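The listed protein sequences correspond, in order, to chains Y, B and X. All the letters of the first sequence, read from the start, carry residue numbers 1 to 361 under our numbering. All the letters of the second sequence, read from the start, carry residue numbers 1 to 293 under our numbering. All the letters of the third sequence, read from the start, carry residue numbers 1 to 420 under our numbering.
Worth flagging that the hints you see were computed from the coordinates, not collected in a lab. Computed from a predicted model, the values in this text were never measured in an experiment. Heads up, the beta-carbon is just placed ideally off N, CA and C, and yes, glycines get one too. Please note that a few of the clues may not be correct.
[Unchecked claim] Not close to chain B: a few residues of chain Y, all C-beta gaps over 10 Å, as computed: (1) 174; (2) 188; (3) 327.
[What the hints assert, rightly or not] Taking lysine to aspartate or glutamate pairs in the EDC-like style, the calculated list, with each CA pair at most 20 Å apart, reads: (4) 102/Y to 399/X; (5) 260/X to 399/X; (6) 113/Y to 409/X.
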Amino acid sequence: MRKKPTSKLRQTTAAGWGMASPAIVLMSLFLIVPFILAFGFSFTNQRLVSPNPTEYVGTSNFSQLLSFDILTIEPKKAESGQLIRDDDGNLTYPRVRKFTRKNPNYPELKGMKEWFSWSSGDDRVVMLAKDVIFIKALVNTVVFVLIVAPVQGGLALLLALLINQKMRFINIFRTIYFMPVVMSIIVVSILWRFIYDGDDGLLNNLLSILSFGYFEPIDWLGRTDTALGSIAAMSIWQAVGFHMVIWLSGLQTIPASLYEVADIEGATKWQKFRYVTWPGLRNTAVLVLIVITMQAFALFSQVNVMTRGGPLDSTQTLVYQAVIRGYEKQDIAGGSAISVILFLIVLSISLFQRYLTREKT
Amino acid sequence: MSSPDLTLDRIKLIMRYSFLIAVALVFVFPIVFMVMSSLKPDLQLLVDTNSLRAFLPVGDISLDNYFAIFERVPVIRFILNSIFITGTTVALSLFLCSLAAFSFAFLDWKGREIVLAIILATLIVPFETIAVPLLMVVNNLPWFGLDGLTWGWLNSYHVQIIPWIADALTIFLFVQYFKDLPKDLIEAARIDGATWFQIYRKVIIPISGPVFATAAILKFLIMYSHQYIWPLMVIQSEEFRPVMIGLQYFFQLNVAWGEVMAYLTIVTLPVLVFYLFLQRAFITSIASTGIKG
Amino acid sequence: MKNIIKIGSAIMLSTLLTGTALAEAKLSMWYHGAGEQVSIDIITGVINDFNASQDKWSVELENFPQDTYNESVVAAAFAGNLPDILDVDGPVMPNWAWAGYMSPLDLPENALDGFLPGAIGKWDGKVYSVGMWDAALAIFTRKSILEDHGIRIPTLDKPWSGEEFNAALETIKAGGKFDYPIDMGLAWTGEWFPYAFSPFLQSFGGDIMDRTTYTTAEGALNGDKAIEFGNWFQNLFTNKLSPGSSQDGADRDSGFIDGKYAMQWNGNWAALPALEKFGDDILFLPAPDFGEGSKIGAASWQFGVSSQSEHKDGASAFIEFTMQDKYLAQFSEGLGLIPATKSAAAMTEKYKAGGPLEMFFDLSNEQGVLRPVTPGYVVAALDFEKALADISNGADVVDALDAAVDAIDADVVKNNNYGF
């Protein structure tokens, strides 16, 4: 026996599609089709500017990005077999380029670069990657997301709770906290370049004043250990108001009656938050977490304006590399391959997030 | 005589305000820097960044930079362009995205889950990575305008509007909000024989003020302040350019930083006004829920 | 009666005029001057003169911001939407010509006589673009600074040697009067890097690419000479002789004039403010000679004809029209640029014989070197920029140069050797 769909359900299907279709059509045409095109480009040698015909190249764009190798280098030895040590008594090694450039004995290492290395006995073991910049961009992007997602989400919630009070002048504070969001990220990046300047920046001056001159000026964007963190701090500063607003709209959906009940039962502030507010924010939390993660993965403008990936690749990111390659270097295929990898990474993360935050039945 | 309780309350209140103000300073200091700098001549502006003078209206203060930017950039034209593009997009986006979200949240239809999943997946795609393919798409679309049927959307308002109307974030925002609304409202309306569109319009919209306000603000920001790469690619004529492209007009070999700051201040104003205007929606809804601090 | 005739002839005249206006073909022209009112005024003047000088064509101007001009044009070309007359940055031209965006110019013989070599855009044996001006870089400093530190003032004929230059920097640093002895301008990114620094590399004996084949950078950009250059360049920043890549743009713009930097590596466009501030004390010095002679970058913005134009003859005619000395002189007077011909230079206050900026013309004429003339330059420039930025931040010089070489070579292969 086959089940016949009831006429009511068919009616709902028609209405459902009907109401959703304008948005679906627009998104298909302007998001999904371009993405499919980009996906297709990543298997070709498509250029932005070129008289040469486009050809299918299989997965070579991806294997370029994701080739690794390990090379073990023995220390330099004198004729006698004695290990050569430098003035500090350390072992010396031949340069990696001796193996990776014009060395017929290691054809598979051609063009590879050192990513990192460690010692193993007297030998030095080097992790090589074909595209070190990409690998660094990948690592930086993940680090950035791991810093920004929890910190920004948490701060935004704190701010939302802070301004969701009945107090005089609260609207002024609400507006001020939101103000950085109002400004374009490009504008903000320009302003913060002044703030982060290593010689006479505002931040260094402020810290110096606050510490009565004990603070040593830091070249925030010029040091490999502070550049990414500085960009993260600025990004959080700029966008936290955005998520504050989303949290705030979530807070407002919590029925006041629940708080009244809690008051009657003599709940403490923390208990009210833990048992009334937080459960009421479930859907909002999912939204905020997903949106911040996505936005953090898309880090581009700040890097483009402030550091251009430097110093020493410490602020390279996936989207920045995708743009540099696809647009400035005219290599759409290579840029698209990065986009596809980024998509797959974020997709798996968000599936995992959804699994973690699934509604328990 | 004041009771000790009252004094304690007062101290609490003062501490609370001090904290609010301290946080506010963190958020406002670059903006104060921007506004103050817009009043100073270039050389002084740059010297002042060495000290707290950067935040004070001191020295040779004037509105000269503001007069100068009108010489350099068609400021009014660009702001009106941006407001038109942004306003149209926001209006259409609120309507179409909330309609779709209504369908996703309340209606039961074949393919709903999978379509919603695909839409959410598009959140992952940063615009920068699909800009060039999108250019190919819009360049091959027809348009019926004053000149009749034409192909390609370059150099127009609609190329800056239509691709941006529907987006996953806005839809998602509405879906999450609608899911929390009581289902029995809709059941009741269905029993009364209302059509789905009537329910959307008469039942859902009136109680969705806050989410509309939130979505409107977020969309406005994305459209007004964050549109940059796309107009660069599709607009070749000054008459259609939005404000953020105007910023590029200042980055000559020797940048007039005072003018940059003045321009930034001017173009930020419309967004602020829009936000203040919509903030009432938050306030009333907060008042109605009556949350106590 | 008389009045009627008058009115009649007025009507006839106006019909005539509208008639000719209708017959005129419109030529669209893109220009990088948005935001630079002086520049727009001058080019508008030239266009008005051209439109009035003949009745076949009428040029219409569209302005773009300079910073993102190339991106706008590439996107428009990608979509098949180019104007008739294109403004193009000299070193980028071969890329656009190779891609088929541009057509060779149709100029009469001898039209280019007397033009600075940097103002002529040649690719594949044909002239594709001509510039009304060139730019030149010099070391800006003050006579008093050099004299106080006992440093020889170099001349065009006898520039500093590399050792002299390095010693001068160390002397000024030891003097302790300035934040930095020189400002190389790392706040400026993009084309500034190859434009400003690849001539130093060439003076050492290296290059961005091997110009005998144009198919590899191996040896040119990572050979011994290039490594020597890299070490020298790195020392400028690790030894605090120049501010590094985190310098903010404002310090770049005002640092020399404010007296923070004793010297600055900068272009003629910045010469006027410095001249105003320091008057007779100002010095514009030629680049140091690191072995292969003093060299500076040549080629600035030029005009060319789009391949999509339906009126290539008109576009060519316009470009030829712009090449008159009086217009070259106007641009120079208005914007401080170097006029493309000696005769035009003679018409200007600043660049004429004995003028305060005269030496820039000679610099440009005698020491200007073109960046590699290949479609692949656009990509090579970015890899070169990255290598130098990394080196300035303390990267291993050899590895950084190797990386740039590999990236450039990989790009050449991907593009079927760019037709070489």
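Status of each hint after checking the structure:
{"no.": "1", "hint": "174", "verdict": "violated (7 Å)"}
{"no.": "2", "hint": "188", "verdict": "violated (7 Å)"}
{"no.": "3", "hint": "327", "verdict": "violated (7 Å)"}
{"no.": "4", "hint": "102/Y to 399/X", "verdict": "holds (14 Å)"}
{"no.": "5", "hint": "260/X to 399/X", "verdict": "violated (33 Å)"}
{"no.": "6", "hint": "113/Y to 409/X", "verdict": "holds (15 Å)"}
Against the hints set out earlier in the document, violations occur for numbers 1, 2, 3 and 5.
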